[in-house]
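Asks: Chain by chain, the residues run as shown.
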Amino acid sequence: MKGSVAVVGGGIAGIQAALDLADSGFKTYLIESRPSIGGVMSQLDKTFPTNDCAMCILSPKLVETARHPNIELLAYSDVKSISGKAGDFKVKVVKKARYVDETKCTGCGSCTEKCPSKVQDEYNAGMSKHKSIYIPFAQAIPRIATIDAAHCLYLTKGKCGVCKKVCGPKAVDYEQKDTEIELNVGSVVLATGFKPFDPSILKNYRFDHPDVITSLQFERLLSASGPTQGHVTKQSDGKVPKNIAFIQCVGSRNPHIDRKHCSSVCCMYATKESIIAKEHDPELNITIFHIDIRAYGKNFEEFYNRAQREYGIKYINSRPPEVIVGANNALSLKYEDFSTGVVTQDFDLIVLSIGLDPADSTRALAQSSGIALDDFGNIATSIESPVESSVAGIYVCGVAQGPKDIPDTVAQASAAASKAAALLSGERGTLIKERKFPDEKQLSPLPRIGVFVCHCGINIGSVVNVPGVVEYARTLPGVAHAREMLYACSSDSQAAIKDAIAKNDLNRVVVASCTPRTHEPLFQNTCREAGLNPYLFELANIREHCSWVHSKEKERATEKAKGIVQMAVAKSALFQPLYKQQVSLINKAIVLGGGVAGMTAALDIANNGYHVTIIEKEKELGGMLREMTELYDGKKPADVLKELIGKVNGNKNINVINEAKLLKVEGYLGNFKGVVLANGKELALDFGAAVVATGARNLEPSGLFNYGKDPHVVTQAQFEKMLGKGISANNITMIQCVGARNKEREYCGRTCCVDAVKNAIRIKKANSKANVFVLYRDMRTYGVMEKLYENARDLGVIFIKYEADNPPKVQGGSVLVHDHMLNQDIELASDLVVLSTPLVAGENEEINQLFKIPLDRNKFFLEAHPKLRPVDFATDGIFLCGSAQAPKLMDEAISQASAAASRACTILSRKFIETEGAVSVVNEAKCIGCGTCVTVCPYNAPSLYDVTVNVEEVTYTTNKSKINAASCKGCGSCAAACPAGAITAQHFSSKEIGEAIDAFDKGVKSISIEKGFVEMTV
Amino acid sequence: MSAEAATDTKTNDWEPKIVAFCCNWCSYGGADSAGMGRFQQPASARIIRVMCSGRIDPLHVFNAFLEGADAVLVTGCHIGDCHYVNGNDKTKIKYKYLENVAHELGIEKERLQLNWISASEGEKFANFIRDVTAQIKKLGPSPLKPEGVA
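Protein chains in written order, with this note's numbering: chain D, 34 to 1051; chain V, 180 to 329.
A few of these clues could be false.
What the hints assert, rightly or not - Here are the computed lysine-lysine pairs in the DSS-like style, where the Cα-Cα straight-line distance is at most 27 Å: (1) V:Lys271 - D:Lys885; (2) D:Lys147 - D:Lys129; (3) D:Lys621 - D:Lys706; (4) V:Lys317 - D:Lys885; (5) D:Lys466 - D:Lys125; (6) D:Lys585 - V:Lys317; (7) V:Lys324 - D:Lys311; (8) D:Lys210 - D:Lys162; (9) V:Lys303 - D:Lys587; (10) D:Lys536 - D:Lys137; (11) D:Lys1024 - V:Lys324; (12) V:Lys273 - D:Lys1024; (13) D:Lys162 - D:Lys151; (14) D:Lys347 - D:Lys272; (15) D:Lys587 - V:Lys316; (16) D:Lys94 - V:Lys303; (17) D:Lys474 - D:Lys587; (18) D:Lys198 - D:Lys162; (19) V:Lys316 - D:Lys585; (20) D:Lys367 - D:Lys834; (21) D:Lys959 - V:Lys273; (22) D:Lys367 - D:Lys347; (23) D:Lys758 - D:Lys797; (24) D:Lys1024 - V:Lys275.
To be verified - Calculated from the model, a selection of chain D residues having no Cβ within reach of chain V, i.e. all distances over 12 Å: (25) Pro202; (26) Asp206; (27) Lys267; (28) Ala360; (29) Asn492; (30) Ala528; (31) Asn763; (32) Leu883; (33) Val969.
Claimed, not checked - Over 10 Å on every C-beta distance to chain V, these chain D residues come out as not near it, computed from the model: (34) Met88; (35) Thr145; (36) Gly462; (37) Lys758; (38) Phe1033.
By construction, these hints were calculated from the structure, which means they are not laboratory data. We treat Cβ as the ideally placed atom computed from N, Cα and C, and that holds for glycine.
Next comes chain D alone, as it looks inside the complex (with noise of 0.2 Å):
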């Protein structure tokens, strides 16, 4: 067994997972392609439902995949194979050549701005170009430049070589050749992704015409950082277009060129898509013509209404055959409108929603490596297993297992991770590194400030005046050393920056160079390498907030880059070294809820060496799968459920109660103490981690197409049991969407679709003659699912679509419907109704309450965030999966739950825990025992504690407030709130703000240097 894992595939779903692996003791290696990491995530503008803005919130992540001491990056390499067995796998990566050296490229891109030829630009979907050494983005991790050999003039012609003249740490090296290693690993992650769909291959679409552009090339257009800026012009001439159409579903729901899956996505990212063109322009008109709408994830079903309702986005239920290229190249399409007939309508551009394609590397590494597929080209899983590929010890997470969306993703890299980690468990801390420091040295009594100015190559210094700043800054008070770097990133200056802390005494270090939110953990680095507590360094950002947007107006960036010198050097004279503090943890989780995913949650963290206890409300385990009969491969979930429960009862690490609830909750990440009720007794529970997993209860719906009156109304969770003992009714009429979609329930079940095409193949499979109709309203058996709606109209079930504001009418013994499509009411003889009716959320008001973890407005969980964080809490420690987040299908509920137990582990498996450094800290002696620390905190971080004083003979009680550094994040809305000035937020207190304030716009002539406070250093 080896303490490490290979994760293949650097988008968000190996980002994922390997954060998790390296967060929970084990070496891994982050394989991608690509010359950066981030995937196709980087490539979009925003997220559906939220329109959070994808580069922000992805960002962060991939900074700390670069920095994390456990992680080995090996971007721009390709896996060949994976041979050996679980515990001991050995992966052959080839390294292919960059032509740049990875250990001394500093990214400045003084190469990209002097290379001559151009190339399609992969990045921004081929509508624009970059240069043959290039950076595929501004936020690209890692931050090096690479060649691209087929097009670089040096390496076609020979001719040349202008880049290695201007590379000032002579990374460019045209020597360089592909290297071949073996890693050796314990497990292996698939994250490979998918292609996007090629839709050249659909002749009819037009894709040869400019203006018919694929949604990724749409999303590129509405970016900032994508060819135009932001602004949505057609490719043919760059007018703004007035009427634009999407086309969903090309290259998905296609049985003739081999797409029978529905690629998941599409619906919601042309919604979005919509949306913010709409946002950008709204005189926009914009049509979306689809199948279905597949709205079935959280909050989607909103969105979609929102697309409708405030940005009057058009949807029609139409799919045109073909793209119309009509006289002076105009573009039509001709479509089949069901209340208007045939109607040809003109657009300025179209977009092809192209659907997911399996990665061509998913294929060749299943292939090399015996890894099954399953009918898509997809790595084959199984309901109960769904991260688990056929080979024991591989896994498989993201659209890599299936076409899936962020979240989804985000939450199987989890699982992925989850099971690897238990897979290893043995093994877990044995390969990580731990960095060693040197003890911190004693500060002198006076601020001793060291300057370090940066050229960034030609970034600042084509503009501001460098050795002007250094002057600048050795008249500064406190500054006792100051001097230039060519580029202060690199590693040659990183020696020289502790030389200088070693050589000039100093306690404060000022880099002047570029943005904190990327370089400051560079920097705090290297003082602490040189004895420096890591919050005595600070960062003036010269060159994104100075060079680089005054690049006209030298004088001026000049002077401003003084400003911000100055400010940097007056605030970090006040810094004080802060320390993070370790914690101690209790390494035992608890599962609220031992359902499917409760168990599977306890089980994965048991199995990762923790132990857990199972607080179940009902007298035995199962949940909503003992209400089951069948599953949708055909699986008894009655076997399923034995197996499981098996494993459960037969696992050390777990303990389960029965009939309990959790009373009480107090304490934070690491360290809670609760009260559990079970038999009538208390009894305490300690624990570190807690995963939620109670669960949501089928919607009755009473009075709703006489439910509750007509005994041959049931529910579709009913006729599941029907089914389980075999009925005898053979005109059976299904309505989807009963409670669902309405204005009351805003939300879609989600389930109800495939659960209902599952039942109707059910009937037919052993009663071919029923007849069996299913009334929708859109279809959504999404991903691979809609190979069931197939088999279900294979097998001669009839599928009817209805209109929300024309429902069906049950009247004895049959079912009234208009037929939208035929535009005709039918009638039809039903001896058994079915309503499918969605998952609603249980009683989770009581968890909100003990845990103060939030709602939505449909009383489901709110997770920490929709795409990113799916199964975390926004208060540390607490981890949800299953139905309490929102319905969701088996599969799904099991990749969640293990995805919960990764994230428990990712803390279990700490010896302690470490507080953020900058927290906020309380002087009891101003405090006023207010609480509206507590009121603002959204941590819970702040909390009131009695205390005595005595004054004078007189003695009382009074509320002091004290902030737990365990739970502080370091925001400083308290410090800011406080009416008594009682808080100071460390690092950014008032009095460090008011230094940086008072030298904003001061001259050198206003500022007095004391004697001998400051030593001149030239």
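Guided by the hints, dock chain V onto chain D, whose structure is given.
Replies: Chain V only, in chain D's frame:
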């Protein structure tokens, strides 16, 4: 400030001094993106980074005015995007108060502005600085500016 000085500012190329409070996660990133996108802007703004706009104490804002700022900008993440759950909601509340006090003190509304800027909105950040600078150039130096500060 005298009327004379005000006319003066229109003719010479007096540049106002603007203090911009930016939160680490969004608007500071927006200023970074402005740099990465090379969105040119007047060299009038000095950015003070805080972790969250919720950290900005009204006192910091007045302190900036008293130190000679001609305008103070309070910026943060878009509502709903706060890295610290709801810090910017608190900023909104404090800003209401700030606006009132600034009005009482006779500070023109152009001199105190609130804006939500995401880390990707580089162009928006640059435009904001450009617009505010133009507005303040018209108004001239702040009435609260102490003697001897340019």
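Asks: Hint by hint, say whether it matches the structure.
Replies: Hints, one by one, checked against the model:
{"no.": "1", "hint": "V:Lys271 - D:Lys885", "in the structure": "holds (23 Å)"}
{"no.": "2", "hint": "D:Lys147 - D:Lys129", "in the structure": "holds (24 Å)"}
{"no.": "3", "hint": "D:Lys621 - D:Lys706", "in the structure": "holds (11 Å)"}
{"no.": "4", "hint": "V:Lys317 - D:Lys885", "in the structure": "violated (50 Å)"}
{"no.": "5", "hint": "D:Lys466 - D:Lys125", "in the structure": "holds (23 Å)"}
{"no.": "6", "hint": "D:Lys585 - V:Lys317", "in the structure": "holds (23 Å)"}
{"no.": "7", "hint": "V:Lys324 - D:Lys311", "in the structure": "violated (43 Å)"}
{"no.": "8", "hint": "D:Lys210 - D:Lys162", "in the structure": "holds (25 Å)"}
{"no.": "9", "hint": "V:Lys303 - D:Lys587", "in the structure": "holds (23 Å)"}
{"no.": "10", "hint": "D:Lys536 - D:Lys137", "in the structure": "holds (26 Å)"}
{"no.": "11", "hint": "D:Lys1024 - V:Lys324", "in the structure": "holds (21 Å)"}
{"no.": "12", "hint": "V:Lys273 - D:Lys1024", "in the structure": "holds (20 Å)"}
{"no.": "13", "hint": "D:Lys162 - D:Lys151", "in the structure": "holds (6 Å)"}
{"no.": "14", "hint": "D:Lys347 - D:Lys272", "in the structure": "holds (23 Å)"}
{"no.": "15", "hint": "D:Lys587 - V:Lys316", "in the structure": "holds (21 Å)"}
{"no.": "16", "hint": "D:Lys94 - V:Lys303", "in the structure": "holds (24 Å)"}
{"no.": "17", "hint": "D:Lys474 - D:Lys587", "in the structure": "violated (40 Å)"}
{"no.": "18", "hint": "D:Lys198 - D:Lys162", "in the structure": "holds (23 Å)"}
{"no.": "19", "hint": "V:Lys316 - D:Lys585", "in the structure": "holds (20 Å)"}
{"no.": "20", "hint": "D:Lys367 - D:Lys834", "in the structure": "holds (22 Å)"}
{"no.": "21", "hint": "D:Lys959 - V:Lys273", "in the structure": "holds (22 Å)"}
{"no.": "22", "hint": "D:Lys367 - D:Lys347", "in the structure": "holds (16 Å)"}
{"no.": "23", "hint": "D:Lys758 - D:Lys797", "in the structure": "holds (15 Å)"}
{"no.": "24", "hint": "D:Lys1024 - V:Lys275", "in the structure": "holds (24 Å)"}
{"no.": "25", "hint": "Pro202", "in the structure": "holds (21 Å)"}
{"no.": "26", "hint": "Asp206", "in the structure": "holds (27 Å)"}
{"no.": "27", "hint": "Lys267", "in the structure": "holds (21 Å)"}
{"no.": "28", "hint": "Ala360", "in the structure": "holds (38 Å)"}
{"no.": "29", "hint": "Asn492", "in the structure": "violated (10 Å)"}
{"no.": "30", "hint": "Ala528", "in the structure": "holds (27 Å)"}
{"no.": "31", "hint": "Asn763", "in the structure": "holds (52 Å)"}
{"no.": "32", "hint": "Leu883", "in the structure": "holds (19 Å)"}
{"no.": "33", "hint": "Val969", "in the structure": "violated (6 Å)"}
{"no.": "34", "hint": "Met88", "in the structure": "violated (6 Å)"}
{"no.": "35", "hint": "Thr145", "in the structure": "holds (13 Å)"}
{"no.": "36", "hint": "Gly462", "in the structure": "holds (30 Å)"}
{"no.": "37", "hint": "Lys758", "in the structure": "holds (49 Å)"}
{"no.": "38", "hint": "Phe1033", "in the structure": "violated (4 Å)"}
When the structure is compared with the earlier hints, violations turn up for hints 4, 7, 17, 29, 33, 34, 38 and for no others.
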